[in-house]
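Protein chains in written order, with our numbering: chain R, 1 to 191; chain Y, 1 to 272.
Treat the hints with care, since some could be wrong.
To be verified - In silico lysine-lysine, DSS-like type, Cα no more than 25 Å apart, as pairs: (1) R:Lys134 / Y:Lys89; (2) R:Lys134 / Y:Lys259; (3) R:Lys134 / Y:Lys91; (4) R:Lys20 / R:Lys37; (5) R:Lys144 / Y:Lys89; (6) R:Lys134 / Y:Lys153; (7) R:Lys58 / Y:Lys72; (8) R:Lys110 / Y:Lys69; (9) R:Lys51 / Y:Lys259; (10) R:Lys144 / Y:Lys259; (11) R:Lys110 / Y:Lys89; (12) Y:Lys259 / R:Lys34; (13) Y:Lys72 / Y:Lys145; (14) Y:Lys259 / R:Lys69; (15) Y:Lys145 / R:Lys134; (16) R:Lys110 / Y:Lys272; (17) R:Lys51 / R:Lys34; (18) Y:Lys91 / R:Lys144; (19) R:Lys144 / Y:Lys145; (20) Y:Lys272 / Y:Lys69; (21) R:Lys110 / Y:Lys153; (22) R:Lys134 / R:Lys51; (23) Y:Lys89 / Y:Lys71; (24) R:Lys134 / Y:Lys94; (25) R:Lys51 / R:Lys20; (26) Y:Lys72 / R:Lys134; (27) Y:Lys94 / Y:Lys69.
Stated by the list, open to error - Pair ranges (Cβ atoms, derived): (28) R:Thr30 / Y:Lys72: 36 to 42 Å; (29) Y:Ala169 / R:Lys69: 50 to 56 Å; (30) Y:Gly36 / R:Lys134: 55 to 61 Å.
Bear in mind the hints are in silico, worked out from the structure with no lab data behind them.
From a predicted model like this one, the values you see are computed outputs, not experimental measurements.
C-beta: ideal position from N, C-alpha, C; glycine also.
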Amino acid sequence: MLAVALSAFASTTTHAQNAKAGATLRAEPTASGKVVKVLSEAAPVNVIGRKGFWINVKIAGSEGWLSIKELSASKSGSRTSINTGRQTKGNIVATSAARGLTAEDLTSAKPDFDAFGQLTMLGVTAGDAAQFAKEGQLASRELKMLSGPTGSKSGGADTKGASGKKKKVTKAQSKGDDDDDEEDDEEDGED
Amino acid sequence: MRFADLTLATCTLCVMTVTSASSLAQSLPTQTLELGGKKLVITRESLAEELELGRATAAQILGANRLLKDKKIQRYVNLVGRHVADQTKRKGLKWSFGVIESSAVNAFAAPGGYILITSALLNELETEDELAAVLAHEVAHVIRKHHYRVMRKQKMLEFGANAVRIEGADEVNKLSNMTAQVIARGLDKKAEFEADRDGMVYAARAGYDASALYAVLNRLGSRHSDKSNELLTATHPSFSDREQFLIESTDATLETAAKPSPAGPRYLTTLK
């Protein structure tokens, strides 16, 4: 694990990948940023930084910001990496004696109900969490739940998989199983 | 996946039968019906049952990997997780988050609000935004009752008639082992995409960076596949599919919430 972290750190900043044809390179990481260049064809880019869903790139001599949506989907063997450098050097939680957790480890284990009791004691109150959020200057936001991919073409069918693969569970099959797709309904006071 | 299809089909049959029977006794919490000569008790979804299955699931995972003995880290993870959970419609649950000592990169959502994250996954994260993003994905599974709904069907199939409440040590252990089978098999892809998308919104509501989950998936996907993430990759869609789904799910409002939060650096300062 340590070796993995270090090598990721050492490989610092650049990863080869492609921007789509028609992608717009902008001077700032916003959709209203000044246009630096519009790509006439797909082109390899070097990622040098990231802000949210925007990456700072170099394309054919120009530098600017590109929406991650304008990167071509990664192919096996040439993964698109938007992480540029890693601050963490090595493990932060000691796990030298830790066991693994494969499917077999999980299914062959004996349940530990004492440990479950300890787990339930770890929970904190909403008041504590709110105080903690305040100390971290976390500003809560009013945001609606999303209904599905809202990419430029697809309207938002939430059963559509990422790469357009057909879903194995159809709406009809799962009827009654996820009929409350909209999460926002008020529910139970369950305490 | 085959299993999921089978149980869904089975349940559809049950639901239809109960619907017709329910006109006879509308207010009963359970229904008994004959299926292929076998008596089957169908329970309605209940918080009691969800918590029973959550206990069984969490105890089983804890039987494989023990809780990390570091109160400071456990409390920190609970504060982040609870703040995220409080952005959902199920604030009333007694949410508990636990770090387990494990060399496997993974996190688990047991029904009822018991969330476990491995120490190996903590070691992959860099900021509080990223921790919140991972916990939010698990919280979203609980909100949608993804595992609960699969497990309760499996419980009906395995425990049969009158299995409203499982009692006795052997039976309780059997129930835990059943939940482990469900966890090991994983959910269908749609449920995982939903948890990614919902979780992204919950974390952003809490004030965290909406793009943090994307960054975590991207980083984990850039790693070599090995024993340490074997169960995670076997039970989830590919990292690149999940990244693609997330990026296609975002809207302009959410994109404005894609900024590192002021609390981000607290992760490394707290865990060190």
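Cross-check of the supplied hints:
Distance hint between R:Lys134 and Y:Lys89 is fulfilled; the C-alpha atoms sit about 21 Å from each other, no more than 25 Å. Between the alpha carbons of R:Lys134 and Y:Lys259 the distance comes to roughly 18 Å, so the proposed pair stays at or under 25 Å and holds. At roughly 18 Å between alpha-carbon atoms, R:Lys134 and Y:Lys91 fall within 25 Å of each other, so this suggested pair holds. The suggested pairing of R:Lys20 with R:Lys37 holds, with an alpha-carbon distance near 13 Å, which does not exceed 25 Å.
At roughly 12 Å between alpha-carbon atoms, R:Lys144 and Y:Lys89 fall within 25 Å of each other, so this suggested pair holds. Of the pairs offered as hints, the one joining R:Lys134 and Y:Lys153 is violated, with about 42 Å between alpha carbons and a cut-off of 25 Å exceeded. With a C-alpha separation of about 43 Å, the suggested pair R:Lys58 and Y:Lys72 falls outside the 25 Å cut-off, and the hint is violated. The straight-line distance between the Cα atoms of R:Lys110 and Y:Lys69 is roughly 20 Å, inside the 25 Å bound, and the hint therefore holds.
Proximity of R:Lys51 to Y:Lys259 is assessed by CA-CA distance (about 7 Å); at most 25 Å being required, the pair is judged to hold. Using a Cα cut-off of 25 Å, the hinted pair R:Lys144 and Y:Lys259 holds, with the two alpha carbons roughly 18 Å apart. The suggested pairing of R:Lys110 with Y:Lys89 is violated, with an alpha-carbon distance near 33 Å, which exceeds 25 Å. Of the supplied pair hints, the one linking Y:Lys259 and R:Lys34 holds, its CA atoms being roughly 20 Å apart against a limit of 25 Å.
At roughly 30 Å between alpha-carbon atoms, Y:Lys72 and Y:Lys145 are farther apart than 25 Å, so this suggested pair is violated. Of the supplied pair hints, the one linking Y:Lys259 and R:Lys69 holds, its CA atoms being roughly 17 Å apart against a limit of 25 Å. Between the alpha carbons of Y:Lys145 and R:Lys134 the distance comes to roughly 30 Å, so the proposed pair goes past 25 Å and is violated. Of the supplied pair hints, the one linking R:Lys110 and Y:Lys272 is violated, its CA atoms being roughly 32 Å apart against a limit of 25 Å.
About 17 Å separates the Cα atoms of R:Lys51 and R:Lys34, which keeps this hinted pair within 25 Å; it holds. Distance hint between Y:Lys91 and R:Lys144 is fulfilled; the C-alpha atoms sit about 17 Å from each other, no more than 25 Å. As the CA atoms of R:Lys144 and Y:Lys145 are separated by approximately 20 Å, the hinted pair is consistent with the 25 Å bound. Among the hinted pairs, Y:Lys272 with Y:Lys69 is consistent with the structure: their alpha-carbon atoms are about 15 Å apart, no more than 25 Å.
With a C-alpha separation of about 22 Å, the suggested pairing of R:Lys110 with Y:Lys153 holds against the 25 Å cut-off. Using a Cα cut-off of 25 Å, the hinted pair R:Lys134 and R:Lys51 holds, with the two alpha carbons roughly 24 Å apart. Distance hint between Y:Lys89 and Y:Lys71 is unfulfilled; the C-alpha atoms sit about 28 Å from each other, more than 25 Å. Note on R:Lys134 and Y:Lys94: the hinted pairing holds, with a Cα-Cα distance of about 21 Å set against a maximum of 25 Å.
Annotation: proposed proximity of R:Lys51 to R:Lys20 holds, straight-line Cα distance about 19 Å (limit 25 Å). Between Y:Lys72 and R:Lys134, the direct Cα distance comes to roughly 19 Å. Compliance with the 25 Å bound is thereby established for this hinted pair. Distance restraint check for Y:Lys94 and Y:Lys69: the Cα-Cα separation of roughly 21 Å lies within the 25 Å cut-off, and the hinted pair is therefore satisfied. Under the hint 36 to 42 Å, the C-beta atoms of R:Thr30 and Y:Lys72, about 39 Å apart, fit the expected range.
About 54 Å separates the C-beta atoms of Y:Ala169 and R:Lys69, a value consistent with the hinted range of 50 to 56 Å. Between Y:Gly36 and R:Lys134 the CB atoms are about 58 Å apart, so this pair conforms to the stated range of 55 to 61 Å.
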